[in-house]
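2 protein chains.
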Amino acid sequence: MTTKELVKQIRKKRSFLCIGLDVDIEKIPEYLLKEEDPIFQFNKEIIDSTHDLAVAYKPNIAFYEAYGVKGWESLKKTIDYLNNNYPEIFTIADAKRGDIGNTSYMYAKAFFEDMNFDSLTVAPYMGRDSVEPFLSFKNKHTILLALTSNDGAYDFQFQKVELNTLYNKVIEVSKTYKNAENLMYVVGATKAEYIKEIRQIIPDSFLLVPGVGAQGGSLEQVCKYGLNSNIGLLINSSRGIIYASKTQGFAKEAREKAQQLQQEMKQYI
Amino acid sequence: MTTKELVKQIRKKRSFLCIGLDVDIEKIPEYLLKEEDPIFQFNKEIIDSTHDLAVAYKPNIAFYEAYGVKGWESLKKTIDYLNNNYPEIFTIADAKRGDIGNTSYMYAKAFFEDMNFDSLTVAPYMGRDSVEPFLSFKNKHTILLALTSNDGAYDFQFQKVELNTLYNKVIEVSKTYKNAENLMYVVGATKAEYIKEIRQIIPDSFLLVPGVGAQGGSLEQVCKYGLNSNIGLLINSSRGIIYASKTQGFAKEAREKAQQLQQEMKQYI
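In order, the protein sequences belong to chains A and B.
Residue numbers for the first sequence, in the working numbering: 36 to 304.
Residue numbers for the second sequence, in the working numbering: 36 to 304.
In isolation and in its complexed conformation, chain A is listed as follows (with noise of 0.2 Å):
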C-alpha cells in the first residue's frame, strides 16, 4: 500500500485508529474455545465489528509464535482473511525484527512477501545493513523503533549521544538509510512531550503510537505535537478495545470502545 492510500483511508474514515491484534487464548471468550480456530475466529469477528472504524490492524507477532505451528496458522488465515476482504486496510505486522543484511531479507521476505502484510517493525540497535534490506520493498513500509512507550526506554534510548538522545540519533542517522521513503516511526504516547521534538527531525514520515488507553497515554497531547499535514499518525490500541468484554457480544463491545476513540479522532481530521 502507498502512503498516498493510507493517507485517503485516513480521510474517508476520519480515523486513524490501529487495533493491535494481541491475542491471548486465555483472554478470549470461553465459548470460542470450541471452534477450530479459536484465535482466527477472534479476530475475525473483531475485524468484521470494528473495520470501518480502524484503519490499520496489528497483529504482535509474539502472540501467535507461542502457540508454534498452530499460531503461525491463525496469524496467516488472519492477514489473508484482512487482505481479501478489506484490501483497504494498512496491516502491520509487530515483530522487531532486525538482523544482519541476509536474514533481515530472509525475514523481509517472510513478512512482505509471503503474508503480504504492508509494514513490518523493525529494532535499529544493528544499524543500517540490518534495516536497509526491509526498505528496498516497494510499497511496503519499515517501522523503525524510535522511542518505546515502556519503562525500559529510559535504559538505553536516553543514553546522550553527541549532545542528542539515542532515540533522535537513531531517527536521524536512518534518515540517510537507502528508501528511507518506506520509513515510519515508533513513538510511545507515555512521552507526548517528545513527539514535538522528533517532528522537527521528521516533519513528513508517519508515527505509530502504542499506549494510548490502557498504557495511559492522551490522544489530545499526541494529536497536538504530532499532528501533521497527512495526519502523520496511527495510533495502537489493543487491550483497551480487543478485550472490553468475554461475553458473546465481545465484538460489538469492542466496536463501541473502537468507536470512542474513532470519535476522540475525527474533530482532528
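For the record, the hints were derived by calculation from the structure and aren't laboratory data.
Glycine included, each C-beta is placed from N, C-alpha and C at the ideal position.
Some clues are possibly wrong.
As the list claims (entries may be wrong) - Below 20 Å or equal to it, Euclidean Cα-Cα: the simulated EDC-like pairs (lysine to aspartate or glutamate) are:
| no. | chain 1 | residue 1 | chain 2 | residue 2 |
| --- | --- | --- | --- | --- |
| 1 | B | LYS144 | A | ASP59 |
| 2 | A | LYS144 | B | GLU207 |
| 3 | A | LYS111 | B | GLU61 |
Said to hold, decoys possible - Counterexamples of contact, computed for chain B against chain A with all Cβ distances above 10 Å:
| no. | residue |
| --- | --- |
| 4 | ASN95 |
| 5 | SER139 |
| 6 | ARG163 |
| 7 | GLN192 |
| 8 | GLU216 |
| 9 | GLU232 |
| 10 | THR282 |
| 11 | GLN298 |
Based on these hints, arrange chain B on the given structure of chain A.
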C-alpha cells in the same frame, strides 16, 4: 541446560563450536528437494554428521519463518530431533527478539517452553523490562546483542554514552537486571580487539561469537582475549560448514569443515 552442563560438554568434546543452521532452500543439495521436508532432512544429516564436534546448534529463525507454516514445522522437527537424540547439545534460537514485558514473556514461552530451546538471542534497545521476562526462566539463557559483527554496528553501538560506547553500556546495565546470571552476550569476532575490554566488564559470562570464517574473524584472536576459566566462548560458524558442498556427500564435507575448527579449538581446552 545449566552452564555447568555446557562447560562439561565443552571439556569433554574439546570444542566450543556452534553450528548455525541458516538453511536456505536454494542452497541445499538439489536431490533433497524430493524429500517431504527438505530443510529438516538437511538439518538432520548435518546434525548426525557433526554432533560429536559441536556443542551447540543455532537455527536462525528468519530462515524458517520465510517459509511460513511449513518453515515453522521444519524448525519444530529440528529442535525436537536435537532434544530427543542429542540432549547434551546446547540449543540457541537465533531470533533477536525483544518487546514490552508481556510480549517478551510470550516469546520466552514460545522458545523456552513450547520448543524447549536452551537459549534465545535478544535485542537490548527497549531495555530492562523487555529483557527480564526472558531471564525469569530457570536454566534457560538469554543471549543479549552487545557488539554485532556487521557494518551497521557502527551506526549506534559505537556511539559514546558517558565516555563509554553504547555496547559497553548495554553490557554494564544488563548486569543489574534481575536473574542476570542467565545472560550471555553476542560479540562479533570481526572486532576481536574489543573482546579484551568486554572481558573486564563480564569476566565470567559466555560469549556467542559469530563471524569466524565466512565473515573474516580470527579464532586465535578471539581465544586470546575471550577465553576464561570455564572456556566462556561459543564460536558460531554457519555457511562455512553447512554449505561446504551441494552433493550427496554434503554432510560428510560439513563434518570435515567442523572438524578443522574443532582441531583448532582443542588446543585451547
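Structure-based check of all given hints:
The hinted pair formed by B/LYS144 and A/ASP59 meets the criterion: a straight-line CA distance of about 12 Å does not exceed 20 Å. With a CA separation close to 35 Å, the supplied pair A/LYS144 and B/GLU207 exceeds the 20 Å bound. Taking the CA atoms of A/LYS111 and B/GLU61, the gap is about 23 Å. The hint is violated against a cut of 20 Å. Non-interface status of B/ASN95 relative to chain A is broken: a Cβ of that chain comes within 10 Å, the nearest being about 6 Å off.
For B/SER139, the non-interface assignment is contradicted: its Cβ lies about 7 Å from the closest Cβ of chain A, within the 10 Å cut-off. For B/ARG163, the non-interface assignment is contradicted: its Cβ lies about 4 Å from the closest Cβ of chain A, within the 10 Å cut-off. Taking the minimum C-beta to C-beta distance to chain A, about 7 Å, the non-interface status of B/GLN192 is violated against the 10 Å cut. Interface exclusion of B/GLU216 from chain A stands, the closest Cβ pair being 19 Å apart, more than 10 Å.
For B/GLU232, the condition that its CB be more than 10 Å from all CB atoms of chain A holds, with the nearest at approximately 18 Å. No beta-carbon of chain A is positioned within 10 Å of the beta-carbon of B/THR282; the least distance is around 23 Å. Its beta-carbon lying about 27 Å from the closest one in chain A, B/GLN298 satisfies the requirement of being farther than 10 Å from that chain.
Of the numbered hints stated above, those contradicted by the structure are hints 2, 3, 4, 5, 6, 7, listed in ascending order.
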